[in-house]
Every structure is written in structure tokens, then in C-alpha cells.
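A.B. asks: Residues per chain are reported as follows:
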Amino acid sequence: MGIPVGISADVGAAAIDRAFDWLRRVDATFSTWRNDSEISRLGAGTLAPLDASPEVRAVLRRCERLRRQTAGRFDVRATGRLDPSGFVKGWAVQCAVALLEEAGARRLGVHAGGDVAVRGRWRVGVQHPLERDHVAAVIDARDLAVATSGAYERGAHIVDPLSGCPPEGVLSVTVAGPDLGTADAYATAAFAMGLDGPEWTAGLRGYEAMTILADGRVLSTDGMARLRSTVTVADH
Amino acid sequence: MTGPTLARRALPAALATVAIVALLANVKPKLPAPPPPRVIPPAPEVRRVSSKRPTAPGPRRTATGQTVTTPFSVVAVRVTLTGRELTRVETVALSGADGRTKAINARAEPILREEALRAGSADIDIVTGATYTSESYIDSLQSAIDKARRG
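Chains as they are written, first to last, in this note's numbering: chain W, 500 to 735; chain P, 26 to 176.
Calculated from the structure, these hints are not laboratory results. Everything numeric in this text was worked out from a predicted model, so none of it was measured. All C-beta atoms in this analysis are idealised placements derived from N, C-alpha and C, irrespective of residue type, glycine included. Keep in mind that a hint or two might mislead.
To be verified - Simulated coverage check for chain W against chain P, where a stretch passes if three residues somewhere in it have a Cβ under 8 Å from a Cβ of chain P:
no., segment
1, 503-515
2, 595-601
3, 612-620
4, 635-645
Unchecked claim - Heads up, incomplete: computed chain W residues facing chain P, CB under 8 Å, no partners named:
no., residue
5, T528
6, T545
7, A724
Start from the sequences, fold in the hints, and give me the full structure.
C.D. replies: Here it is, written out as C-alpha cells:
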């Protein structure tokens, strides 16, 4: 199972190669689609937690803190199988951004499966949940991470860990903030909360959100309203 | 400096199936620096005191209640009891920098802004959306942007 990745940066090919090498290493370690990955072996019980690599242990500790912070709505064991990919994707991209910055990149953008992290000023379009060729909003992003959780691409693949059912009433949640792994987990959790999600996002510190509801309303946090581009999106 | 260099790579790894690389030749102009922060000097505390003579002797105790934060002020109330009589009530309004910060924070309750969903076209650099597979990426907005970059 592949996730498309794009890197755009004002550095040489060698630095971009290193970023891709990092992403390949993350995949080898964390992919739930590979039986020999550390995560798969941990989940199967053939690798003891204390024998896992420091990176894996750090990621799982972070995921546990996020589980408590989201009152269980972000849970790497929600499907019954250990799967931290809702955090790992963003975390891996954020680390790739750091690698590119270390190599001297001043303006860069990385996208991976719909998650985005940028350095410098970028116009980030929020995919319209119902019309594939259009955007629902534009975020005027500077040094920002943006993650989106929704049901419109792969169907109801996100369930609320507390109910076991897909959430009703919400098409997508977009979360913006300094760290993509965190934004990823918050978007997943907020989406799983369904119609209770927007109020929860309004209480987040340092992260802003916009929720697109199935009834055609969009609920944005105050800070997200300020991040949105002042240029009018031309109605089609 | 030459124009942008683009390279497309197909990677066998599960994580990266399509890789698009672009070197940006343009350097964005520097934005003006933000203005320096405004310093609000602390205002003196305001005390309101009412007191009365005790009608009977007794041990004197003073107690200060919790501070109460409203959008306009931070107030603490200190009472003095002589025996069982309330003989002094002091209202202290904190108006210093700390008090002002607390008052401002009380105003900043989390709110949500509501609007109607619109569909539009816009000049964008990158797209955020729900996770897509390599198959759906090909038709996606992001793919169109990446193709346009390759020129």
C-alpha cells in the first residue's frame, strides 16, 4: 500500500535523497503492511516492547500521551491491531522537514497522503470533500503543518474507538499547527468525535481547526479563521 | 541560477510510490518586520475597605478568598473576623500587568466561527485532504499541481 509523497525544496538532489531515505526507513520500521516491521512484530508479540528501537518507543510514548489528551479518540490500538500510522505519517514528514532545513532549505513543502508541512509562505488548499477538483478553503501558511482527516477518499476507514462506528455528520476536519504528527492525531481524534469534534478543537492550545459538516456548515476555530487567506476563493 | 530542476522518481518502498522533486529558483521578497510589542505599564491596586468596631471581644482572624476573574478585572476579597463577627472587608482589585493579563485571558473564550461550505478554484501551492491512495492521487488536485510544476 503506497502513500504518494512529494518534496519541493530549494536544496540539491542529495539533500532530497536523504529525506526520501529517511521516509523509507520509517516505512521499514513502522509499516503495518510489512510483517517484518518492528510495529508488526510488536503487535504480534514477537518483539518485546523493551527490545524495540528508541524511535519506536518514543513514538509509542507520544501516542499514549495523545490518547490521554484526546480522551481515547486517538488510539493506536483502536482497530485491535497496533497501528500508529495516524501519527507516524505526520511525524515522519516533520522530521523530513528538519532534515531539509539542516541541509539549508529556506522554502520547502512536503506532502504525504494529504498531510502537509511547509517552511516559508505557502498557499495550502483544503480539498473540497465532495468536489474533487475544487477547494473548500485556502490557508495562508507560514512555517506550518496541516493535516486533514475525513471519510471521503477511502470510505469509512476511521471509527470512533469508543463506539466502534464511523462518526456521523462530519465530512472532514483540518488541523493546523507547529507539529504535523500532533496535527495528524488531533485531526483523527476530532473526526472520530463527530459533531462533538468542533467544540473540542476550539479548546486546543496552539492548534487551529476547521470542520466541514455533512449539512454544509463549516465550523472554524478563531485562529483558523485568521489563518485563512483573505483572497476570495472564486466560486465555480 | 538556472530555472527549476525537476526529477520524478518511482520508489518501490511502500511509503513513497511517486516522488516529485523541484528546485525552486525564486526567492520570495522579505516581508516587513512586525511592529514592536506595546508595553502596558502596571496600574496601582485599588482597595475598598469597610470596617466596623466589634461589639464583643474575640480572637481576630483574617482570610483571603480566591481571586475572581471577570472580563474587566481581577478581584480578591479579604475578610477579618473578630470572634464570629465580620469586622472588616477589603476588596482588592488587581490592575497590574498580571491582573490585566488574567482579565484579557478571561475574555478570550474559545469560540467557533460558522460559515457555509463553498467550492472554488484558487491559486494554491499544495493541498491538504483526507488520505489518498496512489490510485486516487493520480486524479487529485495535488497531482495536477505537481504536474504543472514539472512544466
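A.B. asks: If a hint holds in the structure, say so; if it doesn't, say that too.
C.D. replies: Against the structure, the hints come out as follows:
1. 503-515: Coverage by chain P holds here, the residue count being 11 at a Cβ distance below 8 Å.
2. 595-601: violated (count 0)
3. 612-620: holds (count 7)
4. 635-645: With 4 residues close enough to chain P, the hint holds.
5. T528: T528/W check fails; min Cβ-Cβ to chain P is 10 Å, beyond 8 Å.
6. T545: 20 Å, violated
7. A724: Interface hint status for A724/W: holds (5 Å vs cutoff 8 Å).
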